Amino acid sequence: MIKIMQGELYRVRKNHLFFACLLLSVFFIFALSLTFNYNTIRLPIQAGNSVVVSITRFTEFFFSDYSLIIPLTVFLIFYFTEDYQKGIHGILLSKGILRRDFFFGKLIASWFITLFYLVFNFLIAYVFIFFMCAKQPYIECSFTHISGYLVLQILCFIGYSSFLWLLSCLLPFPGIALIICFVLLITLYLYLNKISAALDLSYSLYHYWIVGLSHGMSIDFYVKQLSVIIPTILGYILLSVFLAFLIYRKKDLRR
Amino acid sequence: MYGGHGAGKTLLLQSIIGTILPQAGTIKLFENTDYLQEKRRIGYVPQMPFTIGRMTTSDMLHYFSLSFGTLESNLVKILGLNVYEKKPAHKLPLSVQRNLNLGIALLGNPDFVLYDEPFDGLDAKECEKLLSTIALLNENRNITFLLTGQNYDLVSQIATKYGVLRNMQLLIELTPNELNEQCDRHIKIRTPQLLKAIPFLQDEFSEYEVLADDLVRVFCPLSYASALNKLLVTAGIEVSEIWISRMEQQEYLSKLAGGEITND
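Protein chains in written order, with the numbering used here: chain U, 1 to 255; chain Z, 1 to 264.
No lab work stands behind these hints, which were simulated from the structure alone. Computed from a predicted model, the values in this text were never measured in an experiment. Not one of these hints is a red herring.
Listed next, the stretches of chain U that the computed footprint assigns to chain Z, with coverage defined by at least 3 CB atoms under 8 Å from CB atoms of chain Z: (1) 5 to 16; (2) 83 to 91; (3) 94 to 106.
Each residue gets a CB set at the ideal place from its N, CA and C atoms; glycine is no exception.
Model the full structure from these sequences, guided by the hints.
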């Protein structure tokens, strides 16, 4: 399994799509930083108000739309389905690599890739905002709250990548899997968000969808909601992995 | 492994390598029923060449050697692979892609290589080159190759055993000598009363083939020629001609694989 992970990480290093998606996410992050800068610094200054730059609010704003989800979805779907399209399974299995080892090796490699992708984007985002706010006299920042929040966000993204792995096991065609992903993202956003609002639920239904959880998680309340957030994330990770493994171990892996 | 389209050649290879799980039966590799233990000793080259993204020859060899946990192959020279090639592998000619796939199958020095339709899409020169590479690997490295396909003329230059597959079943295994004997063992009979002759032939010889209105070919030991002649004449059937004939190996294999003749 370790060998598979090594191989997969090498493969991602050689993958141009990964760097294209990383570049796209950096562009989105830059756009988010500019928006935040305009809304929280420029506008109050123009209105003659005092300005307090909050890194905590910026961190929350960072996940306020699908800027990070979309490039990662595109990369992971192509990365997961490529093995089916190119017939890589046959070559690996022919050398005695077990299905189980390939399954978990690739999955864990994808988690590492997700982690790298997020940490890289976090760093870029904070570099952007610090440059933009360098002249401001007061910057508010709560490291403990932010770090806990970012860890939960990383877990959400790992849960989402596990869900994509399950989806690619069910539908090993990049085009179809990608369309389903985007339809899910849009539909669940529109549908669950409105239902939750209409029912006035304290912990929105929308939060039970892993992307919605990441999107709607509040930095001020996440500690209080940990008892709901953690089971939701673990449910996504464990259930996705379990179902995907059930499918994969019996799956016809021909090209 | 000779067989027509849909005979099950690729399916058999896919079962051995594990991309599909057999519903019944057992697979033995190197006399070991726990064939997973022995899979490290095999290599597989698929019919359709595979490449990954924009990886170059050297990237692909490195990726698979990392995944297999083996050293990179020292056979690149024999295979004529250029590891300094900067072009992505998917932009290289088909024959180079196939050689690269063979190079990947040879990682870890396997004893047995499954090569699916090796001559598909190659021109005559490339086929000759591939044949000499396979022969060289067999002689110098003691690697056994299982080739699938329908091209007898090419394969006959190196093959030491033939298997014929039909409807997912291995019908027969033959050495080149046995194949020649099988091709030699038939008798042609010309008779104007063919319809009358067929019931007699059916009773005595299960393998026969009607070639024309007055011509039939019977597959049997050549020593049966006189008995066959006697049988027809005794039954009052006029025999215009009877002679020992032979069939080309390619034709024999095709007919056997196509079910036009059976084997006993």
